[in-house]
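Asks: Line by line, the protein sequences give chains A and B.
Just so you know, we're using our numbering here: the first sequence kicks off at 5 and counts up by one.
Just so you know, we're using our numbering here: the second sequence kicks off at 91 and counts up by one.
These are calculated hints, taken from the structure and not from any lab test.
The reader is advised that the hints may include incorrect statements.
Said to hold, decoys possible - Going by beta-carbon spacing under 10 Å, a handful of chain A positions derived as facing chain B: (1) Lys122; (2) Ile261; (3) Leu342; (4) Val368.
As the list claims (entries may be wrong) - To give a feel for the contact side, a few chain B residues facing chain A, derived at Cβ under 10 Å: (5) Arg111; (6) His199; (7) Gly227; (8) Ser229; (9) Tyr252; (10) Ala275.
Ideal placement from N, C-alpha and C gives every residue a C-beta, glycine not left out.
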Amino acid sequence: MSVFGTTAVGIDIGDGTLKVVKLTRRGRKVKLVRAWRLPYYLEADPADAALAMLAGLWSQFGDGARLVVGAPDRHAFTTTLLVPTMEADQVADLVRYEILRSIGQPEDEVLIGHHVRKGVVEQQVHAFALQRREVDALRADLASRGLAFDSMETPGFALASFVEHERPWGRDRVLLGVGELATQLVLLTEDGLWARRLPLGLADAENAVDLAERLSAEIDAAARFFLPGDRTFEPQDLVLSEEGALDASLTGALKRITGRNVLRLGAFERIATPWRMDWNDQRPEETLCMATASGLALAGVGLGRFHCPALGGDPRRESARRLPLVAATVVLSAAGLLTATELAEARTAQLESTLSPDLSSELVRLDESWASAQRQRAGHIDEGEALLAIGRRRPATFLVRRMLALLAPLADERGVSTLHVESLWLAPWEPQRAGALSLTLHVDPSMDDTLGERLQRAFRSQFEDVRIRGPEAAPVPGTSRFVVEVTLR
Amino acid sequence: MRLLILACLIFTVALGDFLVRGVSAYEQAAVAHAELIQRQTQMRDLRAELEVIGNAESDALAAENQRLAEVVGSWRQTLLGGGGNRPPPLDALLTNSRIDALKVGGALHEAIRDQAAVSTGASELLARMVEAVVRAGLSDVEALDLSDQGTEDPVPNVAGAYQIRAQLIVTGDLDKALACLESLAPGPDRPLLTVTQATLRRIEPDRWGALDGLAGPPVRLTATIAAIYADGNDEVSR
Numbered sequence: 005m006s007v008f009g010t011t012a013v014g015i016d017i018g019d020g021t022l023k024v025v026k027l028t029r030r031g032r033k034v035k036l037v038r039a040w041r042l043p044y045y046l047e048a049d050p051a052d053a054a055l056a057m058l059a060g061l062w063s064q065f066g067d068g069a070r071l072v073v074g075a076p077d078r079h080a081f082t083t084t085l086l087v088p089t090m091e092a093d094q095v096a097d098l099v100r101y102e103i104l105r106s107i108g109q110p111e112d113e114v115l116i117g118h119h120v121r122k123g124v125v126e127q128q129v130h131a132f133a134l135q136r137r138e139v140d141a142l143r144a145d146l147a148s149r150g151l152a153f154d155s156m157e158t159p160g161f162a163l164a165s166f167v168e169h170e171r172p173w174g175r176d177r178v179l180l181g182v183g184e185l186a187t188q189l190v191l192l193t194e195d196g197l198w199a200r201r202l203p204l205g206l207a208d209a210e211n212a213v214d215l216a217e218r219l220s221a222e223i224d225a226a227a228r229f230f231l232p233g234d235r236t237f238e239p240q241d242l243v244l245s246e247e248g249a250l251d252a253s254l255t256g257a258l259k260r261i262t263g264r265n266v267l268r269l270g271a272f273e274r275i276a277t278p279w280r281m282d283w284n285d286q287r288p289e290e291t292l293c294m295a296t297a298s299g300l301a302l303a304g305v306g307l308g309r310f311h312c313p314a315l316g317g318d319p320r321r322e323s324a325r326r327l328p329l330v331a332a333t334v335v336l337s338a339a340g341l342l343t344a345t346e347l348a349e350a351r352t353a354q355l356e357s358t359l360s361p362d363l364s365s366e367l368v369r370l371d372e373s374w375a376s377a378q379r380q381r382a383g384h385i386d387e388g389e390a391l392l393a394i395g396r397r398r399p400a401t402f403l404v405r406r407m408l409a410l411l412a413p414l415a416d417e418r419g420v421s422t423l424h425v426e427s428l429w430l431a432p433w434e435p436q437r438a439g440a441l442s443l444t445l446h447v448d449p450s451m452d453d454t455l456g457e458r459l460q461r462a463f464r465s466q467f468e469d470v471r472i473r474g475p476e477a478a479p480v481p482g483t484s485r486f487v488v489e490v491t492l493r
Numbered sequence: 091m092r093l094l095i096l097a098c099l100i101f102t103v104a105l106g107d108f109l110v111r112g113v114s115a116y117e118q119a120a121v122a123h124a125e126l127i128q129r130q131t132q133m134r135d136l137r138a139e140l141e142v143i144g145n146a147e148s149d150a151l152a153a154e155n156q157r158l159a160e161v162v163g164s165w166r167q168t169l170l171g172g173g174g175n176r177p178p179p180l181d182a183l184l185t186n187s188r189i190d191a192l193k194v195g196g197a198l199h200e201a202i203r204d205q206a207a208v209s210t211g212a213s214e215l216l217a218r219m220v221e222a223v224v225r226a227g228l229s230d231v232e233a234l235d236l237s238d239q240g241t242e243d244p245v246p247n248v249a250g251a252y253q254i255r256a257q258l259i260v261t262g263d264l265d266k267a268l269a270c271l272e273s274l275a276p277g278p279d280r281p282l283l284t285v286t287q288a289t290l291r292r293i294e295p296d297r298w299g300a301l302d303g304l305a306g307p308p309v310r311l312t313a314t315i316a317a318i319y320a321d322g323n324d325e326v327s328r
């Protein structure tokens, strides 16, 4: 089953009306998509007409749908075996043995199948045998018209599957699918399933009462034939389907004659239906009565309780059904490759642009620019200091006179011969170097005690950095020497 | 089936595209990855080497540079900009001088003229020095020489500026010596003269007893002068 759901078409051919039901399943939800109902029993060649009608509808089923065809069961045999739990191969051998023993036909003339309902101790095996020539004939007819299908199911089992799906947990039941030309009779108990196709339909009876009486007799006969003598069969109700369910007089007659509750399906309980079901002027109840076709479709979507394919179909259909998935996978792979290519290129571009070589050169350039700016700043400062030093040479030059002026009061106090400027040395400011002014004085020794302090007082008031050395012995006899050193900040 | 064929066609195209572009892109990505690792290492080393500079610091430095440039420019314009008076012609100064050593036939006359011939700058410097001596009223010049034959030396740290040095030795009264010295200080005239070093020394010790305060005895002034020129503003022809 694909994630997008499974679609199946059930095709019921054999009872005088071609009935086709298309279901789609997603998870546990089943939905009715479309139904076709085409009576052919009045045609000159009913069998050929049915196939012709089916061929006309085939293109509407869709390539992706599983096509499940009802098997020809005119001479079918069904039974239920209760067997101990054993291996599947052993069950198959047992079924083959029991079927062949019951029908007395060679194995190559029949098509045997079975469906196992496992139990704890023993298991129910619902087995059937179809006439191989009938099945082969239908398959050949379909193939001759180019109608390939997926599987062929037993109509009686399909009818039982549908009723169990829609009305589960019933105990003993009689299922009657009354068609125009044939009737599908199914006896359903908790531990068994028996089906029989009756060549008796609406078209064969004079009236409903007559048909009901004959059907009642068939039911009783089937119960006696199929069920063990010690088995009590007390069906709660009689489920009527197919064209017979559309005949109210038959319903009433069956109820009256059999004395049982006759149940007709007035609505699907577990199959969702579209809000309009009047395809090709078809009445909703005509769709609801197609129990066998619905059961075949349920088998197609994997919900048939008694799902047991009698024959596999064309394997190419299964392959063809997988084509969209395969194609989608291929396209996804292609998209993956394209995406991988684009991602690789994008990744390459991203890696190449991350920490690009330009970035490191840009960093180096910025660093050089910063260093250059700092060099430029240092150059400005150096040039400024040089220019400042040049400019400050002017006040330094005039400082000589100012310094000498500071000495004048000292010289005047003591008379003309007591204080002389021996020498004066000026070195103005240079870049990175303070200016200096040095003054050498020769004085009368009588001033030795006080001159130092007075010089300090006089120069400190004008200069921050003053050093005074003296008194020292002067080269000129009778004088002392003082040296005043001023640092020009 | 057509759907499958179409899908296969698309896949083939995608596969071809992958083989042509995708595989090479993956190889390039591997190479780019290896190069990125290498660049990361280089970047880490670079980061360890380089100073971490923020935009704010960079902007602040640029602004400071701008301010410094403006300040230095204004100083440069003030000190070395054009304008100011040029000195009178040296020959006229020498001829009109009353100082014996400088006059025609004086001890220094020819030597000064010879040095002035070195360059216009040298001539202007000598003229300024002679003018200073004359204005100060000094009468005795012992030396008035260009240092290093008037060689123009670049002024350290001042782009486009150079200087010519000279030495002046004069004797005379202290006051006149000081006046001479001060007239050699930087001023508005051109070239820009500066005193780079000066020494005053009293001479004739036998006259000390007749000193009248500080102004009394004659002194010898020895000064080293630098004339500073700047490209574009001053022209020195050789």
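Asks: Of the hints given before, which are not true for this structure?
Replies: 1, 2, 6, 7, 8, 9
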